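Visitor: Below, each chain spelled out in residue letters.
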Amino acid sequence: MTHPKLDIRSVAKRYGEAIALSPTSLQVGAGEFLTLLGPSGSGKTTLLMMIAGLTETSGGEILLDGQEITRKPAYRREIGVVFQNYALFPHLSVFENVAFPLRMRKRSESELKSAVGRALELVRLGHLAGRLPRELSGGQQQRVAFARAIVFDPQLVLMDEPLGALDKKLRDELKLEIRKLHAELKKTIVYVTHDQDEAMLLSDRVCLMNEARVEQIDTPAALYERPRTRFAAGFVGESNLIDGIVAGGRIRIGDQLLATAHGDRLPAEGKPVTVLIRPERLRFAGTSDVAQLQGKVVDVIDLGAVRRLSIAGDLAAGLTMTVLGGGRPVEVGSDVALTIAPEDVVPLTQCVP
Amino acid sequence: MTHPGRHLLLFAPAALLLGLFFVAPIGGFLVQGFLHRDGALTLEHAGRMWAAGTYVQVMVTTVKISLWVTVLSVLVGYPVAYVLANADPRRKSTWALFVLLPFWSSFLVRTFAWIVILGRQGPVNAALVSAGLSDQPLDLLYGWAAVVIGMTNVLVPFAILTMVGVMERIDRGLMVAAGTLGARPVQAFFRVYLPLSMPGVTASALLIFITALGFFMAPALLGSARETMITQLVIQQVMELVNWPFAAILCLLLLATALVLFVLFDKAVGLSTLSGEAGRSASAGSGMGRRICGTLGELAAWLAETLRLSPPRPGEGGVGTKGLAILAILFLIVPLLLLLPVSFSRQEFLSWPPAGVDLRWYREAFSSPVWLDAAGRSFIVALLTTAVCLVVAVPAALAFQRLQGGGASAAFAAMIAPLLVPRMVIAVALFYVYARLGLVGTVAGLVIGHAVIALPYVFIAVTAVLKTYDRRLDQAAASLGASPLVTARRVTLPLIAGGIVSASLFAFVISLDELNIALFASGGLQSTLPKLMWDEATLRFSPLLAAVSTLVLLVMSALVLLAARLRPAS
Chain A
1 MTHPKLDIRS VAKRYGEAIA LSPTSLQVGA GEFLTLLGPS GSGKTTLLMM
51 IAGLTETSGG EILLDGQEIT RKPAYRREIG VVFQNYALFP HLSVFENVAF
101 PLRMRKRSES ELKSAVGRAL ELVRLGHLAG RLPRELSGGQ QQRVAFARAI
151 VFDPQLVLMD EPLGALDKKL RDELKLEIRK LHAELKKTIV YVTHDQDEAM
201 LLSDRVCLMN EARVEQIDTP AALYERPRTR FAAGFVGESN LIDGIVAGGR
251 IRIGDQLLAT AHGDRLPAEG KPVTVLIRPE RLRFAGTSDV AQLQGKVVDV
301 IDLGAVRRLS IAGDLAAGLT MTVLGGGRPV EVGSDVALTI APEDVVPLTQ
351 CVP
Chain B
354 MTHPGRHLLL FAPAALLLGL FFVAPIGGFL VQGFLHRDGA LTLEHAGRMW
404 AAGTYVQVMV TTVKISLWVT VLSVLVGYPV AYVLANADPR RKSTWALFVL
454 LPFWSSFLVR TFAWIVILGR QGPVNAALVS AGLSDQPLDL LYGWAAVVIG
504 MTNVLVPFAI LTMVGVMERI DRGLMVAAGT LGARPVQAFF RVYLPLSMPG
554 VTASALLIFI TALGFFMAPA LLGSARETMI TQLVIQQVME LVNWPFAAIL
604 CLLLLATALV LFVLFDKAVG LSTLSGEAGR SASAGSGMGR RICGTLGELA
654 AWLAETLRLS PPRPGEGGVG TKGLAILAIL FLIVPLLLLL PVSFSRQEFL
704 SWPPAGVDLR WYREAFSSPV WLDAAGRSFI VALLTTAVCL VVAVPAALAF
754 QRLQGGGASA AFAAMIAPLL VPRMVIAVAL FYVYARLGLV GTVAGLVIGH
804 AVIALPYVFI AVTAVLKTYD RRLDQAAASL GASPLVTARR VTLPLIAGGI
854 VSASLFAFVI SLDELNIALF ASGGLQSTLP KLMWDEATLR FSPLLAAVST
904 LVLLVMSALV LLAARLRPAS
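Note that the protein sequences, when read in sequence, are chains A and B. Residues 1 to 353 in our numbering are what the first sequence lists, from first letter to last. Residues 354 to 923 in our numbering are what the second sequence lists, from first letter to last.
Bound conformation, chain A alone (with noise of 0.2 angstroms):
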């Protein structure tokens, strides 16, 4: 039987009374790029650190390869770690920053020359080897960082929000220089995030961290359409979240009735549920259209490419639509109807309304 890359059997932690990690349980395929995704305090750091080897389990094991690596200190894990703050050695060059890993398992010179090289040509700072680390910009220092987790060929490569001190552009320019190196390398990569952009772009799945415990662990098509929770629905995307009741089928709002697609995840009739529209999802209905909900504009926010409506009507006192921007202007106060598909009604699994 082949076993997961990385597993991870009910690992937790505490700190006395506080529980930074509820017992979780993980497991990463070879070459899967998987993203711990939550708010601060989420545990998502804990757990990162653990499989470095950096803090201490309090329970649970940890398997690298199927190999019990949950005692092994981080010098012998082989798993190579990307930290936020890059922690490159001031007064080491490039070159000898990224050799160092090399050095520590007492490779041969010629070898390790070519390793670096070769590290450094992928992250295309070969030019820059021997420069001081602050004589970088922060996408050079962190594409050294990247380059020096890489170079002595790890089981397993550890991102700690790596791209967090960088502003907005050059982080969207790096991380879709992190989803090629990840095609190109075939790594097994664990990347920890708070930013859900990132988290949607580089990963095979994503592991949704809340309060110390996985919220969901989904691909990121999934966690967008069919979040699980009230959290997830929240923290990845924008959301409109609507009590109402299971009713032959469909949910009752109010005096609405609304159609899902999703009935598999309704509960049982005369329960309360809550369910999520996307904002995109909605549409302005035609006259074709059956189901139709009427409502007020009370708002618009010109974003440019995207126009947000707030929309007070029949289903909720807000509810937010979001349009593409340009064509015709939509007037605050204008009545208008609109229409939702039912596979876009997606009922919550657990969530106590």
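Among the clues, some could well be false.
[Stated by the list, open to error] Pairwise CB distance ranges (calculated):
#1 Ala831(B) / Glu173(A): 37 to 47 angstroms
#2 Ile679(B) / Gly16(A): 20 to 30 angstroms
#3 Gly117(A) / Gly758(B): 52 to 62 angstroms
[Stated by the list, open to error] A few chain A residues that face chain B, going by a derived Cβ cut-off under 7 angstroms, partial list only:
#4 Val81
#5 His91
#6 Leu128
If you're looking for bench data, these hints aren't it; they were derived computationally from the structure. Computed from a predicted model, the values in this text were never measured in an experiment. Glycine included, each C-beta is placed from N, C-alpha and C at the ideal position.
Given the structure of chain A, go ahead and fit chain B onto it with the hints provided.
Guide: Then chain B, alone, in the frame of chain A:
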């Protein structure tokens, strides 16, 4: 914001003090070394010094002892500085207290303690004999080892405090990162931490070496004739032979040695490390040192592996490091504690073990008008010194903040210059001038001398505080309508008050413990406390000395604790 002239005006008090009472006296005094009785230039004094041979020999001994003391101080101090820099905030204050107490306690007091400890009847000999390691008490005192131990004991706290500043700036994450890259803790230490802490090591080595060159207490009290150091000869030339030209030549020899070292240091690592900034040494170019450190790291890691030593956890010091640090702290503290039982002795002489418990020496100290008079004068001088230092250093530090580039380096070098000249040279030069100005035996003379010596410390302390101060707060105050004076009074000064307090403490304690100036400038009658203690030690050496030392220690400790209390939590 762009009135360079006005900023330079802030340096005026410093320029006045250093110009009149540092540069001019030293220059005037040293020139004597090349003047004939009739005022013509001559090399006869220098020639006589070379020809005699003994003086050069004494200088060589001085350098040798100083080198040993430097190396030992850095070695003993390093683990303490490491633990202090990496401890969590709560434990840090405890460690800091154990370093600061000996740091602030009197040079004299600590040197006296070693006479008791290493004496034939002292606790070390007692332990050796009772443990059967020796048949009879050994002559530990009055030799090379005693001098080196005594001086090291006095200088280790300086080493610690100089190194800790640099170590605190080392990102702890780097050691963690080294771990994830496959470096064992020992390897990470030698390849990452040690190279990054080198600026602190070299800066403390320089300070200690220059201070050690000018020592005369330890060799005089703990050494024999063979351990005579150069400043002892200077004292002899001035006090006994009244041979100014020859004293000047000896001071030049001493000064030249110190300056050569200083220039070498500046070439190698840069002056800025003295103010605690990372120096130029942290460059990729220093391949040789890194290779040596790296090889050491491999060796140590291999040893640890073979001996199956458990590695320390990343971040904090391991058991071994802490053990070394605790030993070092004991080495610093125990001499101070030993004075206490001795001070209650009934005997006429300082000895071990003390006989009986009696307050007679405390009674004598408190009933002696000479001692009370000296204590009172010392406190007045210390208070005035503090005031003078603040008036001179605070404006200078404010102006220094606004300088950049070459101007800043020059200003910094000028402000800390007294630190780089052995105190004895300053003292003799001032004595030379005071004799002509009628300042010998006056409080003013003492205060001026002490202020020159304490100024660099106060300047560095105030600069350090200002560096952490956010200038935007001043700008905010200005934008809210506060004039520069109001801004200084209501925003800047309250925020830097804590730093000013510790800077004042520097001046106060340095003055309270300063012997060099008083040795000459007190003129015999207007004695200060350290001067009186020195006379007591060289003439009588009774438990009275231990009693006074204990009292001084208590006052200093109270001041340290008070300052720690006053400093706002940051």
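Visitor: Against each hint, give a clear statement of whether it holds in the structure.
Guide: To see whether the hints hold, each was checked on the structure:
| no. | hint | in the structure |
| --- | --- | --- |
| 1 | Ala831(B) / Glu173(A): 37 to 47 angstroms | 39 angstroms, holds |
| 2 | Ile679(B) / Gly16(A): 20 to 30 angstroms | 27 angstroms, holds |
| 3 | Gly117(A) / Gly758(B): 52 to 62 angstroms | 38 angstroms, violated |
| 4 | Val81 | 4 angstroms, holds |
| 5 | His91 | 5 angstroms, holds |
| 6 | Leu128 | 12 angstroms, violated |
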